[in-house]
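Quick mapping for you: the protein sequence lines, in order, are chains A and B.
Here the first sequence is numbered in our numbering, starting from 1 and rising by one per residue.
Here the second sequence is numbered in our numbering, starting from 1001 and rising by one per residue.
Note that these hints are calculated values from the structure, not bench results.
There may be inaccurate statements among the hints.
[What the hints assert, rightly or not] Keeping only pairs whose Cα atoms sit at most 30 Å apart, straight-line, the calculated DSSO-like set for lysine-lysine is: (1) LYS365/A <-> LYS80/A; (2) LYS68/A <-> LYS1034/B; (3) LYS1034/B <-> LYS80/A; (4) LYS69/A <-> LYS1055/B; (5) LYS80/A <-> LYS68/A; (6) LYS218/A <-> LYS1055/B; (7) LYS290/A <-> LYS1034/B; (8) LYS1034/B <-> LYS209/A; (9) LYS68/A <-> LYS290/A; (10) LYS365/A <-> LYS1034/B.
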Amino acid sequence: MQLKKPESILRALAAATCGLFAAAPVAQAQVQTLPRPAQPGQWEVESAILFYSEQDRVTAIEPVVRMKKQLSEDEDIAIKLVVDSLTGSSPSGAVPSTTPQTFTSPSGNQTYNTPANTIPLDPTFLDTRVALTFDWTRPLGAERRIVYTGHASKEYDYTSIGAGATVSQDFNNRNTTLTAGLSYDADQVEPVGGVPLGFATQPAFPGVKTTAGTSENKTVFDVLLGVTQVVNRTTLMQFNYTHGPDSGYLTDPYKLVSVVDAVSGIPLQTIYEKRPEDRARNALYWRTLKAFDRDVLNVSYRYYWDDWGVKGHTVDLRYRRDLGGSYLEPHLRFSQQASAADFYRPFLRAGESTQFASADYRLAKMSTVTAGVKYAIPAKTGEFSARLEYMLQTGEDHPAGAPGQLAGQDLFPDTKAVIVQFSYSFGW
Amino acid sequence: MNPLIIAALLCAALLSSCASERVQPWERDVLARKSMQLDAYPLDTYLDEHIYYSKESATGGQGIGGGGCGCN
């Protein structure tokens, strides 16, 4: 028999199930895990604050609030507001040296010193980002829906405006869902002190850097094709392919590359990095949710590759252990960038000629391991949770062929970060 | 892209859909739980994506959009 509106029946069943559980005091905990049937006019509010702190580097505080209003049984709108406040030091890309080094800040108005045998960190990092995101989900018939998205974000030197849409179609009595999405972002960067000319030398203070204007643009497309499959009563599987062509100014205007003596490895000059103006990103993503009684295993794997030469594997594992209403969720994430961007160069040798070069460690061959735990307790109409995680990024400390003094330097110091997040959700 | 990985993922997709049971609407008690939704905690997802977008080159897979920051 073909059901005309299976989702309505589902909601009725869910409501009936909720009612049954509510009537049984011993099963109160289970009520919390069933989604309440959406009622028109109902609001759901989720809020969170993230504290992200790297050892000796960046610290970020990021409060987020997301408010969703149910417009009708199948239609809702959601607005998300994010404020992201960053302070601290970020690796500039320059290499350490056996003698102290002095660099000019991006503004050109001051200098900062790096002690001997220490990776240069730009300490003038300070920014606040405000982002607003809008989602509108509406039905397109009984088994099809569309989500329109829009976002705008602004930080001191960066503006981003974007829009997108994702269509989902259910098949096979809602056991299979096909999803297709498209989004477009138009970004503008206005670097402090102007856009540096790629490969231009950073002048000694009070010299003024050579610029190529005051602002640059970049566009980011994203395409998604996905399948979600109900495998059985307790297992759900998702496959996605995403493709993203980026074009425009993809260089980081604050990152530097050291040009070193080919024999001694001593830095001779510091130049601004330069990246290609196009990049095609691809990702294959698989996720499975599997319930074991009241517990849930959530495992995902992503294979990423792009035409810059970066390839990466990411595995994410979460196990939600039900504690009778509250739950504990250990989390383990392992990400390996198996190959670096073709133009990733931790340093350049004097006299060397190259079309592009960046010493940004994020383009390197490296690994990121994150381990942590989340604990959540039910609140009156929602949930309160806290999570604590530790992140470690490691790479090639001593790349082969580093000349002279560089052979004895740690060219990829570990990045260590602590992540703390508190969340609270409620509805009315 | 390693063709072996593509082949493995395609096989997994085909196997999962072939091996899947046709779950009826009245059998969705477990699948209807919040803990079994693909994005039950969108703020957790957003914050994680934002962290790793800032700290790694590899991105995407879960959804579209995101980014939108200088992330220096």
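Each hint, compared with the structure:
Restraint check for LYS365/A and LYS80/A: not satisfied, since their Cα atoms lie roughly 34 Å apart, outside the 30 Å limit. Distance check on the hinted pair: LYS68/A and LYS1034/B sit about 16 Å apart at the alpha-carbon level, within 30 Å; holds. Annotation: proposed proximity of LYS1034/B to LYS80/A holds, straight-line Cα distance about 20 Å (limit 30 Å). Taken as a hint, the LYS69/A and LYS1055/B pair is broken in the structure, with Cα atoms around 33 Å apart against an allowance of 30 Å.
At most 30 Å may separate the alpha-carbon atoms for a hinted pair to count; LYS80/A and LYS68/A meet this at roughly 9 Å. Taking the CA atoms of LYS218/A and LYS1055/B, the gap is about 20 Å. The hint holds against a cut of 30 Å. At most 30 Å may separate the alpha-carbon atoms for a hinted pair to count; LYS290/A and LYS1034/B meet this at roughly 13 Å. In summary, the hint linking LYS1034/B to LYS209/A is not supported, as the alpha carbons are separated by about 54 Å, beyond the 30 Å threshold.
For a cut-off of 30 Å, the pair hint linking LYS68/A to LYS290/A stands: about 27 Å separates their Cα positions. At roughly 37 Å between alpha-carbon atoms, LYS365/A and LYS1034/B are farther apart than 30 Å, so this suggested pair is violated.
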